[in-house]
Amino acid sequence: MLPTVSKGRSSSSASTSRSNPMFIQYLRRIIKWQQMDVEYTFWQMFHLCTSPKVVYQHTKYHKQTKNQWARDDPAFVVICSLLLAVATMAYCAAYDHSAGHAFFVVISVLIFHFLLTGTLLATFCLSLILTFGKKLQTVM
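Mind the numbering: the sequence shown is residues 1 to 140 in the working numbering, read in order.
Keep in mind the hints are simulated off the structure, nothing from the lab.
Where hints are given, some of them may not hold.
What the hints assert, rightly or not - Restraint-style ranges between C-beta atoms, simulated for each label pair:
(1) N67 / L130: 15 to 23 Å
(2) F132 / A70: 21 to 29 Å
(3) F132 / F46: 30 to 38 Å
Treat the numbers as computed from the prediction; the structure is a model and nothing was measured.
Backbone N, C-alpha and C fix where the C-beta goes; we use that ideal spot for every residue, glycine too.
Could you put the whole structure together from the sequences, leaning on the hints where they help?
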């Protein structure tokens, strides 16, 4: 028999110094428009507004088949960011802002309001679920 060797990470400092390879792959897919499933993204956005139950059922089916809740392609984030940028530019045009101020407003909306606030809210909700979800499971 051949000896088996475990090549796992031995220390916690090694795991914190390396970034997640899935996150890097996700960021690389942002610039490759051909790899994005744009049709499914628009279908999902439309049904989130009209019938969210259908999107939930498809997401649940995706979880059962691929054992993953999240989507692999960043098309939803990219298209949502583009639509948010267009809406912000329309706001700036309606209220007669200069081009420099409009650029600043678009960047601040995308980075601060969309990405940073969304990340903080998702992290807060995840911590609530992890904290109170364990307590609910022990009670039931």
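Regarding N67 and L130, is the given constraint of 15 to 23 Å on their beta-carbon distance met? 19 Å, holds
Can the suggested window of 30 to 38 Å be confirmed for the beta-carbon pair F132 and F46? Cβ of F132 to Cβ of F46: about 33 Å, so the range 30 to 38 Å holds.
Determine whether the Cβ-Cβ distance between F132 and A70 falls within the hinted range of 21 to 29 Å. 22 Å, holds
In summary, this structure violates none of the numbered hints.
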